Amino acid sequence: YYCAYSLHKIHYNMPTKRNQISPGGAKASTPKTLRGKTSASKVGGLDVTAADELESWMKAKQLIKPEDQLELSLDELREEIARVLTSVNPQLPQNIVEYSFKESSFVPVPPVSQMQILQDIEGTILHKESEEGRAQLAAAGLLDYFDHVFGIRGEEEFDRVYQRIQLEEQENRPDENNGSGFIAKNSGSPVIGSNLRPKKLTNQFNFCERAALTYNNPCRDLETQTIPPPRDNFSGHVMQWIIYDAYQEDYEAQQKEKEKEKKEKPAPTQKMEVKKKEHVIPSDMANRTLKSMKIIERMVNQNTFDEIAQDYRYWEDPSDEYRDGEGTLLPLWKFVYEKTKKNNVTSVVWSPGYYDIFAVGFGCFDFMKPQPEGALCLFTLKNPSFPEYVVTAETGVVCVDIHPKYTYLICVGKYDGNVAVYDAHAPGKEPQYESNSVTNKHCGIVWQVHWGHDMPDGVSELFLSVSRW
1 YYCAYSLHKI
11 HYNMPTKRNQ
21 ISPGGAKAST
31 PKTLRGKTSA
41 SKVGGLDVTA
51 ADELESWMKA
61 KQLIKPEDQL
71 ELSLDELREE
81 IARVLTSVNP
91 QLPQNIVEYS
101 FKESSFVPVP
111 PVSQMQILQD
121 IEGTILHKES
131 EEGRAQLAAA
141 GLLDYFDHVF
151 GIRGEEEFDR
161 VYQRIQLEEQ
171 ENRPDENNGS
181 GFIAKNSGSP
191 VIGSNLRPKK
201 LTNQFNFCER
211 AALTYNNPCR
221 DLETQTIPPP
231 RDNFSGHVMQ
241 WIIYDAYQED
251 YEAQQKEKEK
261 EKKEKPAPTQ
271 KMEVKKKEHV
281 IPSDMANRTL
291 KSMKIIERMV
301 NQNTFDEIAQ
311 DYRYWEDPSD
321 EYRDGEGTLL
331 PLWKFVYEKT
341 KKNNVTSVVW
351 SPGYYDIFAV
361 GFGCFDFMKP
371 QPEGALCLFT
381 LKNPSFPEYV
391 VTAETGVVCV
401 DIHPKYTYLI
411 CVGKYDGNVA
421 VYDAHAPGKE
431 PQYESNSVTN
441 KHCGIVWQVH
451 WGHDMPDGVS
461 ELFLSVSRW
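The sequence shown runs 1 to 469 under the UniProt record's numbering.
No wet-lab data here; the hints were simulated from the structure.
Hints should not be assumed to be uniformly reliable.
Said to hold, decoys possible - With a straight-line cut-off of 30 Å between C-alpha atoms, the simulated DSS-like cross-links for lysine-lysine are:
id : residue 1 : residue 2
1  : LYS382    : LYS334
2  : LYS291    : LYS405
3  : LYS334    : LYS256
4  : LYS291    : LYS256
Just so it is clear, the structure is predicted and the values come from calculations on it, not from any experiment.
Modelling step: build the complete structure from the supplied sequences, incorporating the hints.
Written as structure tokens, this is what we have:
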């Protein structure tokens, strides 16, 4: 807040000291006031007692002038000194900066103003010589009369011209004796009539204004959203010969298009529409084809792994004569199924009826992770490149067992507690028997399955399953 104060003139009327030391060293005697009777004695119309009280009050209120008092002249004492008090808000921040992206640096912010406006009232009085005042006079029709006719400038000239107009009107009034005509004393002066009077102002109590409103165009917002272009991620190998082949193919395609453009279009000819018959292969032919393909595949593998097959059947280690109960372990084949690379081998069982076939169960032993799909595969030594029989399961296969009498029946135990029996001779991959989640189901993992002996009542397809729950 800004406040302005004006100090009044302060005059120090220093009274003369009573006990002043004379140059000779003796004190000057103070004049004493004559006292009379307090009852009726008066000096110059004043009571003597009142004069004594006034003198004692003056003594009590005597001002002492310091020795280092600055001597000022009368004009300096009468000078008015303006004192300005400025308040500062200590809570306002100082040295504020903000980051300018245009200049890429911090720029100081102008200091915050300390002034607070408590009340702001706009006045209704305008000076007539100001731009707004002259605009109002011109709108009312008064500016042309006083400004252009008489060249009025200022209030004093306006009053002087107005008085001259009134005197000329009084002189030009008709004579009462003649009753007609005008008496013009100053014939050289122009005749000023009622036409040159100031324009009458409008009555604010009986006045109507005409106003017109322009048409405002309505605002409308229109938004559009573009469709993002499609994206696709692809990967591949780029090598020198691949690039060369791609250029060759593109060049050949361009040459073919040029040849097509050179050739004229042949005349349209009507051709008989011939319906193409769908070539359907019967099931028996498909089975014979599949069997032939298996035989060819076995022949190729037999020629490829002939040395390993000979070692498996006929190789004898001479060192076995010197080591009783011990033999030599050598790797022969490696059986791989591409879709079970992420699984663990949970069970391996040899077929009791075929010496070259064994069953493998695929699952996962890391029970803390989500279990992948399991699988049951039958491999043969005659074809180590691909399994003879493949069955996929929703959960991992933990244990496998082959029936000792009916070797095409395979029993499996799963991770979710279910058991299933598959038939390798059946054309489909569906299980012949499978427990569900409601009946005949373990609450835990099935760790072992085993085909049982024939029952006295003739039931031979009997198997047992073991679980912790």
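Of all the hints given earlier, name the ones this structure violates by number, lowest first. Violated hints (numbers, rising): 3, 4; every other hint is consistent with the structure.
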